[in-house]
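Peer 1: Chains A and B, in that order, are what the protein sequence lines are.
Note that my numbering has the first sequence beginning at 4, numbered continuously upward.
Note that my numbering has the second sequence beginning at 40, numbered continuously upward.
Keep in mind that the hints were calculated from the coordinates and are not lab data.
Backbone N, C-alpha and C fix where the C-beta goes; we use that ideal spot for every residue, glycine too.
Heads up, some of the hints might be wrong.
Facing chain A, according to a computed beta carbon distance under 8 Å, are these residues of chain B, among others [as the list claims (entries may be wrong)]:
(1) N171
(2) Q173
(3) I188
(4) T189
(5) R215
(6) P223
(7) G246
(8) K300
List time: in silico EDC-like cross-link candidates among lysine to aspartate or glutamate, alpha-carbon distance up to 20 Å [stated by the list, open to error]:
(9) A:K268 with B:D207
(10) A:K110 with B:D345
(11) A:K285 with A:D190
Label-pair restraints from in silico Cβ distances [what the hints assert, rightly or not]:
(12) B:T348 with A:G99: 16 to 26 Å
(13) A:F83 with B:K285: 52 to 62 Å
(14) A:F55 with B:L298: 27 to 37 Å
(15) A:V275 with B:Y237: 50 to 60 Å
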Amino acid sequence: MRFVTALAATLCALGTTAALEKTANAQEILLTGPLKGQPPARNLRLYREGRFEIAPAMSFGVLDEYRHMFIAGLRLQYNFTDWLGIGLWGGYGFSGTTDLTDQINDKSPRNNLTAVNVNHGPGNTKADFGAQVAQLQWVVAPQVTVTPFRGKLALFQKVFVDTEAYIFGGFALVGLQERGNCGNAGDVNGTACNTPASFALQSRLAPTGTFGLGLTFFLADFINLGVEYRALPFSWNRGGFDSRGGGSNLDFPDQKITSDDRTFKFNQMFTVSVGFMLGGRKTSD
Amino acid sequence: MKQAGRWLLFAAALSVLPSTALAQKPGGKPSKPPAGAAGGATGGAAAAGGGEAVDLDSDQPPKDQPKTDTPPADTGGGGGICEIDPSACPKTADLKTEAKKEVKAEVYAVQQNPVLKYHRFEVRPFWGVTMNDQFVSHPGPGLDMNFYITNVLAIGINGNFYSGLNVDSDFNFQNRRATRVAVPLTEYSWAAALNFTYVPIYGKFAGFGSFIFSYDIYATGGVGAISTRPIAVIDPDNRTFDFKPKVAFNLGLGLRIFLTKWLAANIEVRDYIYPEKLEQLTIASGPLGKPNDPTSPSNPNTWYADSVTITNNIQMNVGLSIFIPFSFDYRLVK
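Here chain A stands alone, though its shape is the one from the complex (with noise of 0.2 Å):
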């Protein structure tokens, strides 16, 4: 009986330590020793922190529909913090057709039923279809980028490259030619939509927004390539068609050029640069 007395009561004692352990235990972790108080890496390379990039790169359209659109451009970035930059990307756009345009161009009718849709001469002839399509101009674009992941990169376990992932984001300007508006009185285009002149190129902004993510790899202190992907989604009249505006639900077309003809399209591109890093390069402690 006194054993067992004992027993309980010593389990109760260490019930109670146990208790008392989980209580204690839920206190900070004080760390003591070297590692006290230290940064989690010493000595990193801060490529960024302090410096000013410009990076001329060239971007390449994906799932171009008429036109293949390149943008030969520029990055100019100022580093607040290694992870932290605020900065401008921008550049001039140029195309080349696609296969469809020219298909379209070789094969579309000239008549009645395309009139209001396909480029011609006078008496329906042919004239380029490649004219009446639209195309970005240029595009002016101040951005954030956020550069959370640093580290290196190895190939074949030879070659050591400093790499980072960084995405951005910002505010987009972009200078774009398409079909002008015509069909209703006071259009640049004129009133009708079936004439040769109506199918003229003009200038209009859109803005957006703009964002994506990319890599740097660092080749030295002063220099890196770059490789990202960018989404500039907006609405454009991409092939000068009229598409929409009549009907109920202006699904239809109306026999006008407008606004409503507009379709959105998740414009992407994929931009290849090489920066240079302005100013000396830091180093943690």
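Since the structure of chain A is already known, use the hints to place chain B on it.
Peer 2: The following block gives chain B in isolation, referenced to the frame of chain A:
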């Protein structure tokens, strides 16, 4: 009952001791331990010696260390070897020379591959989207299964399922209506391939300076089949196409970001290259309803284009990689 009271007192003492040792203020500067009551690592030494606490981090020897008049065995740092064999005792000058020698310590940029794939299976379910077909998109689920023969080389099979998921885009219809030009379209049913995968690049990233994850980049390629058929847009009243498998080659590049040692997020771009028989753009001029008449629009032989078109179906596949077995052992210690 008295015995029980003693046990209770003993147990109470047990319960008080550890809780007192941990009861320091979070973030506060630890106070200097009093003699004989030091906590943590020094506590045991103090208790055992019954005297002042020993600071293990200190460069100074304990105060009560017995002094001796005996000098060290030698000043050359040889220790006991100098007493046993003076000829083997290194000279001070030798040590200085040795210290000046350049040491070429081999330090790998990525010290230890955090995820070994050797002799592991990778099961990778994914969702694919079309990247290069603005007319018909071919989204659909897929599955990759690879066995890693070495840490960087794998052999495996890959399958895609598209049936019923092909999307004939609105753009396509509007283009046809506006220009009176029909673009031949194709839809897919399934694809399967035998592949080899090579992992030439791997590395690690620090996220926000607070956590580290590893990744690798792989190249893959193989051969298999893809089952496709034209979508009848030129003469939909008379033409009904069946799915037919074609030989398809594929090449791809992918990125895996390891979330654990057995789970990774995965994104890859893969190009399926195959010969396609598109829909014939003209309609046969013969009589209807005579499928055996070589000039009839009802004859299936008049439905296909005369030539074969090499088609690229570029897909972006996003999925998860699951490595089996879930764990592995390193051959060498870290």
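Peer 1: All hints, please: hold or fail.
Peer 2: Quick rundown of the hints versus the structure:
{"no.": "1", "hint": "N171", "in the structure": "7 Å, holds"}
{"no.": "2", "hint": "Q173", "in the structure": "5 Å, holds"}
{"no.": "3", "hint": "I188", "in the structure": "18 Å, violated"}
{"no.": "4", "hint": "T189", "in the structure": "13 Å, violated"}
{"no.": "5", "hint": "R215", "in the structure": "10 Å, violated"}
{"no.": "6", "hint": "P223", "in the structure": "11 Å, violated"}
{"no.": "7", "hint": "G246", "in the structure": "5 Å, holds"}
{"no.": "8", "hint": "K300", "in the structure": "18 Å, violated"}
{"no.": "9", "hint": "A:K268 with B:D207", "in the structure": "16 Å, holds"}
{"no.": "10", "hint": "A:K110 with B:D345", "in the structure": "18 Å, holds"}
{"no.": "11", "hint": "A:K285 with A:D190", "in the structure": "58 Å, violated"}
{"no.": "12", "hint": "B:T348 with A:G99: 16 to 26 Å", "in the structure": "21 Å, holds"}
{"no.": "13", "hint": "A:F83 with B:K285: 52 to 62 Å", "in the structure": "55 Å, holds"}
{"no.": "14", "hint": "A:F55 with B:L298: 27 to 37 Å", "in the structure": "36 Å, holds"}
{"no.": "15", "hint": "A:V275 with B:Y237: 50 to 60 Å", "in the structure": "23 Å, violated"}
Figure legend: structure checked against the earlier numbered hints; hints not met, in rising order: 3, 4, 5, 6, 8, 11 and 15.
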